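Residue-level listing of the chains:
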Amino acid sequence: MVMIDVVVSKEVEDALAQKGISADMCKRLVYDAEDKKTKFVNKVTGENLTKKIMDNLTLYVIYAPAAPGAQPVTAYVIKKVYSHKMRMKNLVYTMPEEVKDWWCVKDNCPTVRGQYDLEYMNVTRMAPTLTCPKCQDSYVEEDIAAKPVAVAEMLFEKKRA
Amino acid sequence: MSYQPTVPLDKLPSHFISHDTESHKKWHTGSVTRFASPFVDVFKDRIDFDPIVMAHATTLLGFTNRDFYESPEIAVHCVAYFNELFDLLPVAHFFYSNVFLEKYGVKLQTTNTLPWIAVGDRVVKSPEDADKLPKFEKEDLKPEKCKTTELHWRAFDYEKANIPDMMLPMHNVFCLFSMAAELVGPEKFIIWTRKEPKACHKVLDSLAYTSASGASLTADKYGFDMMVIGSVLANSTVLPPKYVKEFSFDHQRDFVRRALAGGGGPQLWYHLCGDHSRDYTMWKDVITTPFTVMHIGYYGDDVFPSDLLKKEFGNRMSMLAVIDGKRMIEPNFAWIYEQSKKQLLGGRDAPRGCILGTTCETPLITNPGCTLAAVKACKDYGTYGTW
Ligand SMILES: [Zn+2]
Ligand SMILES: [Zn+2]
Numbered sequence: 001m002v003m004i005d006v007v008v009s010k011e012v013e014d015a016l017a018q019k020g021i022s023a024d025m026c027k028r029l030v031y032d033a034e035d036k037k038t039k040f041v042n043k044v045t046g047e048n049l050t051k052k053i054m055d056n057l058t059l060y061v062i063y064a065p066a067a068p069g070a071q072p073v074t075a076y077v078i079k080k081v082y083s084h085k086m087r088m089k090n091l092v093y094t095m096p097e098e099v100k101d102w103w104c105v106k107d108n109c110p111t112v113r114g115q116y117d118l119e120y121m122n123v124t125r126m127a128p129t130l131t132c133p134k135c136q137d138s139y140v141e142e143d144i145a146a147k148p149v150a151v152a153e154m155l156f157e158k159k160r161a
Numbered sequence: 162m163s164y165q166p167t168v169p170l171d172k173l174p175s176h177f178i179s180h181d182t183e184s185h186k187k188w189h190t191g192s193v194t195r196f197a198s199p200f201v202d203v204f205k206d207r208i209d210f211d212p213i214v215m216a217h218a219t220t221l222l223g224f225t226n227r228d229f230y231e232s233p234e235i236a237v238h239c240v241a242y243f244n245e246l247f248d249l250l251p252v253a254h255f256f257y258s259n260v261f262l263e264k265y266g267v268k269l270q271t272t273n274t275l276p277w278i279a280v281g282d283r284v285v286k287s288p289e290d291a292d293k294l295p296k297f298e299k300e301d302l303k304p305e306k307c308k309t310t311e312l313h314w315r316a317f318d319y320e321k322a323n324i325p326d327m328m329l330p331m332h333n334v335f336c337l338f339s340m341a342a343e344l345v346g347p348e349k350f351i352i353w354t355r356k357e358p359k360a361c362h363k364v365l366d367s368l369a370y371t372s373a374s375g376a377s378l379t380a381d382k383y384g385f386d387m388m389v390i391g392s393v394l395a396n397s398t399v400l401p402p403k404y405v406k407e408f409s410f411d412h413q414r415d416f417v418r419r420a421l422a423g424g425g426g427p428q429l430w431y432h433l434c435g436d437h438s439r440d441y442t443m444w445k446d447v448i449t450t451p452f453t454v455m456h457i458g459y460y461g462d463d464v465f466p467s468d469l470l471k472k473e474f475g476n477r478m479s480m481l482a483v484i485d486g487k488r489m490i491e492p493n494f495a496w497i498y499e500q501s502k503k504q505l506l507g508g509r510d511a512p513r514g515c516i517l518g519t520t521c522e523t524p525l526i527t528n529p530g531c532t533l534a535a536v537k538a539c540k541d542y543g544t545y546g547t548w
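Chain order of the listed sequences is A and B.
Position 116 of the first sequence, counted from 1, bears residue number 116 in my numbering, the numbering being contiguous throughout.
Each number in my numbering comes from the position in the second sequence (counting from 1) with 161 added on.
Just so you know, the hints here were simulated from the structure itself, not pulled from any lab data.
Careful, some of the hints might be misleading.
As the list claims (entries may be wrong) - Below, computed lysine-lysine pairings styled on DSS-like, alpha-carbon distance capped at 25 Å: (1) 147(A) x 187(B); (2) 403(B) x 100(A); (3) 89(A) x 471(B); (4) 159(A) x 321(B); (5) 89(A) x 10(A); (6) 205(B) x 158(A); (7) 172(B) x 403(B); (8) 445(B) x 134(A); (9) 406(B) x 100(A); (10) 159(A) x 186(B); (11) 445(B) x 100(A); (12) 80(A) x 36(A); (13) 100(A) x 363(B); (14) 159(A) x 187(B).
What the hints assert, rightly or not - Just the calculated beta-carbon pair ranges, DEER-fashion: (15) 266(B) x 96(A): 53 to 61 Å; (16) 68(A) x 398(B): 49 to 57 Å; (17) 384(B) x 93(A): 39 to 47 Å.
Said to hold, decoys possible - Some residues of chain B that are not near chain A, with every Cβ distance over 12 Å (derived): (18) 202; (19) 205; (20) 289; (21) 311; (22) 352; (23) 356; (24) 436; (25) 439; (26) 471; (27) 479; (28) 500; (29) 514; (30) 540.
No experiment lies behind these values; they were computed from the predicted model shown.
Just so you know, even glycine gets a beta-carbon here, dropped at the ideal spot from N, CA and C.
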């Protein structure tokens with residue numbers, strides 16, 4: 001078995017540290033995603049996206065082969081990590097005609113736009129997701145996590161304090 | 162007809178009572194809690210009333226219709242004062258219809274009673290013209306190059322400087338279908354949906370793209386913007402549901418997707434104006450953020466029933482129960498009170514919160530007694546759920 005290397009830059013390591021997550025744990029997440037095919041891959045950019053639901057947050061990792069196009073892949077670079085505190089509750093509906101560039105690797109099919117109920121501090125609200133129409137695995141995209149979801153978390157914390 | 166603001170703009174703040182007064186601060190604190198209720202499930206006080214006040218605020222307070230549209234500084238200060246006067250929302254909004262059309266060469270003007278309306282020749286005369294319509298980028302929409310941005314940013318900058326506690330950066334998409342109809346001519350555009358669908362989509366694509374650029378530009382400057390997305394002319398009276406989906410819904414979704422990616426939002430306010438009795442179910446599948454409000458005007462000739470709105474949308478987003486805006490001009494306060502009561506009782510236990518509002522913008526000549534009647538009903542029946 002070839003051991004695949006996962007490169008974590010200083011910048012990513014700092015971002016992880018802010019969330020209380022070690023670089024090793026993040027690397028394990030990539031190994032896991034590769035092993036179990038629990039990831040979405042972007043057919044346009046070649047980037048991979050995987051996630052891990054933890055006690056207090058859901059962590060997303062975007063990573064790509066260190067040498068694009070080279071086979072077999074011997075190293076991945078972590079491009080970005082992001083997270084949200086709202087807990088994924090259930091898929092409410094999908095928009096089958098809203099096909100995305102991201103594909104579910106497990107099912108080898110394109111993802112579509114989904115709407116997912118998220119819960120935080122006993123408040124449940126919906127946010128858009130990338131959703132596999134077959135296994136229904138759903139990922140909150142970075143721009144959605146960074147704005148609508150982050151603002152909701154902040155407001156719920158403030159109003160329910 | 163040349164226009165002069167009723168009060169010189171540099172003197173305007175001195176005509177209003179400072180927001181530093183204790184009574185204002187007390188009112189504002191309570192109003193903010195009430196306003197946040199439907200979005201955070203912390204139900205205090207009562208349901209809010211939002212009459213979607215525009216130039217009625219300026220005219221009621223002794224200014225003019227044109228002051229609202231041409232001096233956004235006057236508009237927002239009047240809306241802020243109006244909201245405090247009737248104990249409404251803690252924010253001062255500014256928006257109008259027919260946004261960004263001047264970029265396409267449309268001549269717009271206001272009158273003593275009308276908002277910005279398109280006058281003169283239609284810009285898009287043939288499907289070939291539709292093909293040539295540009296899509297504007299953020300750079301093209303900067304205030305020095307775009308009257309729509311200039312007017313909106315003047316409102317927000319004035320709020321920031323003078324009434325910061327009530328500042329609300331907004332992006333009004335208005336109705337892409339209605340604006341496309343302004344470019345082509347309404348009758349012709351409706352015929353085109355059958356005969357020249359490709360040309361219709363070209364026009365709508367351009368408008369959606371431009372509006373998303375505008376939403377992103379405003380969010381860049383102010384950090385966020387509440388986005389109002391409408392389906393106004395595209396309603397059940399004018400189009401079969403299949404056409405509402407193809408020529409309004411799909412393009413709105415395209416706009417929302419682009420605008421969110423560009424930093425717009427996070428609040429989304431869907432305003433379905435007019436009769437949506439045959440097409441309302443499709444709107445359950447809009448793109449939804451945690452701060453989304455669904456506002457539907459009519460079901461046939463009647464106001465959209467709040468219990469139906471709750472049943473269909475209540476588990477997905479916050480909702481705006483409505484009273485008939487057309488009746489807001491009559492001296493029949495008991496009628497407004499009774500309809501408010503009925504709609505409040507039908508919608509007040511909506512799982513994700515409820516606001517009372519009017520079917521559309523409250524008319525220019527709204528009777529202030531009707532505004533008070535709706536607020537009274539909120540106080541008497543606008544408690545949340547069973548508490
Ligand atoms: Zn799948
Ligand atoms: Zn309307």
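Against the structure, the hints:
1. At most 25 Å may separate the alpha-carbon atoms for a hinted pair to count; residue 147(A) and residue 187(B) exceed this at roughly 30 Å.
2. Annotation: proposed proximity of residue 403(B) to residue 100(A) holds, straight-line Cα distance about 24 Å (limit 25 Å).
3. Restraint check: the Cα-Cα separation between residue 89(A) and residue 471(B) comes to about 21 Å, which is no more than 25 Å; the hinted pair holds.
4. Using a Cα cut-off of 25 Å, the hinted pair residue 159(A) and residue 321(B) holds, with the two alpha carbons roughly 23 Å apart.
5. With a C-alpha separation of about 33 Å, the suggested pair residue 89(A) and residue 10(A) falls outside the 25 Å cut-off, and the hint is violated.
6. Of the supplied pair hints, the one linking residue 205(B) and residue 158(A) holds, its CA atoms being roughly 15 Å apart against a limit of 25 Å.
7. Simply put, residue 172(B) and residue 403(B) have alpha-carbon atoms about 52 Å apart, too far for the 25 Å limit, and the pair is violated.
8. Simply put, residue 445(B) and residue 134(A) have alpha-carbon atoms about 22 Å apart, close enough for the 25 Å limit, and the pair holds.
9. At roughly 20 Å between alpha-carbon atoms, residue 406(B) and residue 100(A) fall within 25 Å of each other, so this suggested pair holds.
10. Restraint check for residue 159(A) and residue 186(B): the C-alpha separation of about 18 Å stays at or below 25 Å, so the hint holds.
11. Pair hint residue 445(B) plus residue 100(A) holds up; C-alpha atoms about 21 Å apart against a cutoff of 25 Å.
12. Restraint check: the Cα-Cα separation between residue 80(A) and residue 36(A) comes to about 21 Å, which is no more than 25 Å; the hinted pair holds.
13. The suggested pairing of residue 100(A) with residue 363(B) holds, with an alpha-carbon distance near 22 Å, which does not exceed 25 Å.
14. About 17 Å separates the Cα atoms of residue 159(A) and residue 187(B), which keeps this hinted pair within 25 Å; it holds.
15. Residue 266(B) and residue 96(A) have their C-beta atoms about 38 Å apart, which leaves the hinted 53 to 61 Å range violated.
16. Here the CB-CB span from residue 68(A) to residue 398(B) is close to 54 Å, well matched to the stated 49 to 57 Å.
17. Checked against the hint of 39 to 47 Å, the C-beta distance between residue 384(B) and residue 93(A) comes to roughly 30 Å, which is inconsistent with it.
18. Taking the minimum C-beta to C-beta distance to chain A, about 5 Å, the non-interface status of residue 202(B) is violated against the 12 Å cut.
19. Taking the minimum C-beta to C-beta distance to chain A, about 10 Å, the non-interface status of residue 205(B) is violated against the 12 Å cut.
20. At roughly 29 Å from the closest C-beta of chain A, the C-beta of residue 289(B) stays outside 12 Å, upholding its exclusion from the interface.
21. For residue 311(B), the condition that its CB be more than 12 Å from all CB atoms of chain A holds, with the nearest at approximately 26 Å.
22. With a least CB separation of 26 Å from chain A, residue 352(B) remains clear of the 12 Å interface cut-off, as annotated.
23. Interface exclusion of residue 356(B) from chain A stands, the closest Cβ pair being 24 Å apart, more than 12 Å.
24. For residue 436(B), the shortest C-beta to C-beta distance to chain A comes to about 25 Å, beyond the 12 Å cut-off, and the non-interface label holds.
25. Remark: the non-interface label on residue 439(B) is consistent with the geometry, its nearest Cβ contact in chain A lying 21 Å away (cut-off 12 Å).
26. No beta-carbon of chain A comes within 12 Å of the beta-carbon of residue 471(B); the shortest separation is about 16 Å.
27. A beta-carbon of chain A comes within 12 Å of the beta-carbon of residue 479(B); the shortest separation is about 9 Å.
28. Annotated as non-interface, residue 500(B) keeps its C-beta farther than 12 Å from every C-beta of chain A; the closest such distance is 29 Å.
29. The non-interface label for residue 514(B) is inconsistent with chain A: the shortest C-beta to C-beta separation is roughly 10 Å, within 12 Å.
30. Every beta carbon of chain A lies more than 12 Å from that of residue 540(B), the smallest distance being close to 22 Å; the non-interface claim holds.
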